[in-house]
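Build the full structure now, drawing on both the sequences and the hints.
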Amino acid sequence: MNIKISINVVCFLLFFSINKVFSQNDTIGKQSVTIVSAYKPILLNVSKINFSASNLNLTGATREKLSYNIPDQPLVYSYSPITIKPLAYEEDSIISNGQHYWVKAGFGNNTTPLLSLGASFRRDKRYLINVYGDYISSKGSIENQEYTKYNIKSTASYFFSNHEAYATVELSQRKFYLYGYDHQLYKFNKSDIEHRFNEFDFKLGVRNTKENKLKINYDPSIQLNYFNAKNMVSEMGFRFDVVAEKRINPFFNLKATAFFDATAITLEKSINNNYSNNVSQISPSLVYETSVYKINGGLNVIWDNGDFVCLPNIYGELYLNNFPFIFQGGFVSKINKNTYRNLSVINPYLSVLNSQINTLETEYYGGLISNISKRIVASAKAGVVSYENYQFFINDTSANSDGKSFLLSNDEKVNNFRIHGDITYTVPGKFVASGAVTFNGFTGMKTNKKAWHTLPVEGRATARWTSSKKLLIKTELYFFGGGQYLDKNNESGSLKGGIDFSLGSEYKINNKINAFLDLNNIFGNKYQRWHNYPVYGIGVLAGVIIRF
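For the sequence shown, counting from 1, position 285 maps to 313 in this note's numbering; every step adds exactly one.
Where hints are given, some of them may not hold.
To be verified - Below 30 Å or equal to it, Euclidean Cα-Cα: the simulated DSSO-like pairs (lysine-lysine) are:
1. Lys181 / Lys365
2. Lys441 / Lys402
3. Lys540 / Lys516
4. Lys231 / Lys153
5. Lys181 / Lys203
6. Lys516 / Lys167
7. Lys167 / Lys203
8. Lys283 / Lys243
9. Lys167 / Lys238
10. Lys477 / Lys362
11. Lys241 / Lys274
12. Lys231 / Lys258
13. Lys181 / Lys241
14. Lys516 / Lys218
15. Lys524 / Lys203
16. Lys441 / Lys474
17. Lys362 / Lys478
18. Lys181 / Lys402
19. Lys231 / Lys243
20. Lys474 / Lys402
21. Lys536 / Lys181
22. Lys203 / Lys238
23. Lys231 / Lys274
24. Lys167 / Lys181
25. Lys540 / Lys153
26. Lys167 / Lys524
27. Lys243 / Lys153
28. Lys477 / Lys524
29. Lys283 / Lys238
30. Lys478 / Lys441
31. Lys181 / Lys258
These aren't lab readings, by the way, just hints derived from the structure by calculation.
Below, the structure written as structure tokens:
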């Protein structure tokens, strides 16, 4: 308790001392450095590289097939890979005047049908509406190894003279089966091992598009969501966000963000079946920028189900004349809300949760960003990440369990020494290649003997080559080191690492029709991201894309 009070006092002292520390103007000329990509010091629900844009997340235990579309920048990675998945274009990729429609259809081995479609409507720059949806399913060689996913989404914007009102509506379903059991010992009805997740989201917001008299930019929004896991749990959520920014003078910029995120949970097979998970946060910050450095001095004031904590949120960049590097470093923090919905995106084989504990994350980091040449950009970063109430995924090893589902094992204090590096080579309009690797070293666990189901190393390399105006070739190599798992009788084991190489191509037949062919996991490596859940293996998917 005394430690938290001391941290809170330090936070406020840091925040109010920034103005005095950086009150002098700097006259050194600003170095010209073009930054293509900067490492963001956050953990994401990173997925396996998507070769086409996607709205949905899957785990490494399923193998979806699609036409790839590798982004032209280095990527940031987290722990769990998810499979390639088909989807509509990103929302702004079909924005233009008039009406546009497209359909993507294909079929592959493992009984994999694919259907994606979309439409864009715009009139007189007053409104914009995008509607798109997609469907995919697949069946593997193991009994009950299958999944089905569909998603329907619409985004709309209406433009006033000084403001934009925007809204999003999304409906989706993910269906998996718990096939990670001993098939010689157990037999299950499919309805008993089905995990079906139904989701509905609605978001409404407004933001200013022109500077007002007070010179304040703002973007408030509200979001309603509903999540249901069949026969297990329902979650009803409400979130309110406010983002505001004001430029004080050429050197100082004042920012503030705040949110209130409330979730009501109902357990469908429990006596005490109702509880809540509510988080709110206020994050003021003052940005000071000169030609030599930029510093963000801020605080994260958090209320986690009534528990108060205040942590610094300080980071900056340093530019040096005649030096081809930008130094970056900081002390940042955030809270990860561990609802069943959020955790099921990482691992869809998770059992129902009788309670929810959120994870508080802080990171001390330092690194470099550099334009090695006009075509090569590289970055490197090392840091120590500390977690309060970290959630490890472990197999259900109870005496009467068949081991097919996963539980959470909470650890009050966990540290992770993390190193990340990435590099990108680009020939504009013709070729782009990128590579990245992340090393994780978890230590300091109190409750868990090992860092169950985390990855000690994860990396990938991607390339996209446009050989002509009609042919596009894409490839990706993904690899990881196996993590630790807990088995029956509390015996631990190590998963083998995996290598996954994929190749895709797209050929333009005419202005309206493209043909695509994707070969996924060419080596046929049936690695396991989650113990007892091997992936599908080799995948082949072919089809057409029609635009009209």
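Hint-by-hint comparison with the structure:
1. Lys181 / Lys365: Status holds; Cα separation ~24 Å.
2. Lys441 / Lys402: Between Lys441 and Lys402 the Cα gap is close to 44 Å, so the pair fails against 30 Å, i.e. violated.
3. Lys540 / Lys516: Violated. Lys540 to Lys516 sits at ~56 Å, over the 30 Å cutoff.
4. Lys231 / Lys153: Distance ~22 Å between Lys231 and Lys153 Cα, so the pair holds.
5. Lys181 / Lys203: Status holds; Cα separation ~18 Å.
6. Lys516 / Lys167: Distance of about 28 Å is within 30 Å: holds.
7. Lys167 / Lys203: 12 Å, holds
8. Lys283 / Lys243: 12 Å, holds
9. Lys167 / Lys238: 51 Å, violated
10. Lys477 / Lys362: 26 Å, holds
11. Lys241 / Lys274: Given pair Lys241, Lys274 holds - Cα atoms ~11 Å apart, limit 30 Å.
12. Lys231 / Lys258: 24 Å, holds
13. Lys181 / Lys241: Since the Cα atoms of Lys181 and Lys241 sit roughly 36 Å apart, the hinted pair is violated (cutoff 30 Å).
14. Lys516 / Lys218: 24 Å, holds
15. Lys524 / Lys203: Roughly 27 Å separates the two Cα atoms, so the pair holds.
16. Lys441 / Lys474: Distance of about 7 Å is within 30 Å: holds.
17. Lys362 / Lys478: 24 Å, holds
18. Lys181 / Lys402: 39 Å, violated
19. Lys231 / Lys243: 26 Å, holds
20. Lys474 / Lys402: 48 Å, violated
21. Lys536 / Lys181: Judged against 30 Å, a Cα distance of about 27 Å means the pair holds.
22. Lys203 / Lys238: With a Cα-Cα distance of about 44 Å, the restraint between Lys203 and Lys238 is violated, given a limit of 30 Å.
23. Lys231 / Lys274: Cα-Cα ~25 Å, so holds.
24. Lys167 / Lys181: This hinted pair holds, its Cα atoms lying about 25 Å apart.
25. Lys540 / Lys153: 25 Å, holds
26. Lys167 / Lys524: 24 Å, holds
27. Lys243 / Lys153: 25 Å, holds
28. Lys477 / Lys524: 19 Å, holds
29. Lys283 / Lys238: At roughly 17 Å apart (the allowed maximum being 30 Å), Lys238 and Lys283 satisfy the hint.
30. Lys478 / Lys441: It holds: about 13 Å lies between the C-alpha atoms, which stays within 30 Å.
31. Lys181 / Lys258: 22 Å, holds
Taken one by one, the earlier hints fail for this structure at numbers 2, 3, 9, 13, 18, 20, 22, listed in ascending order.
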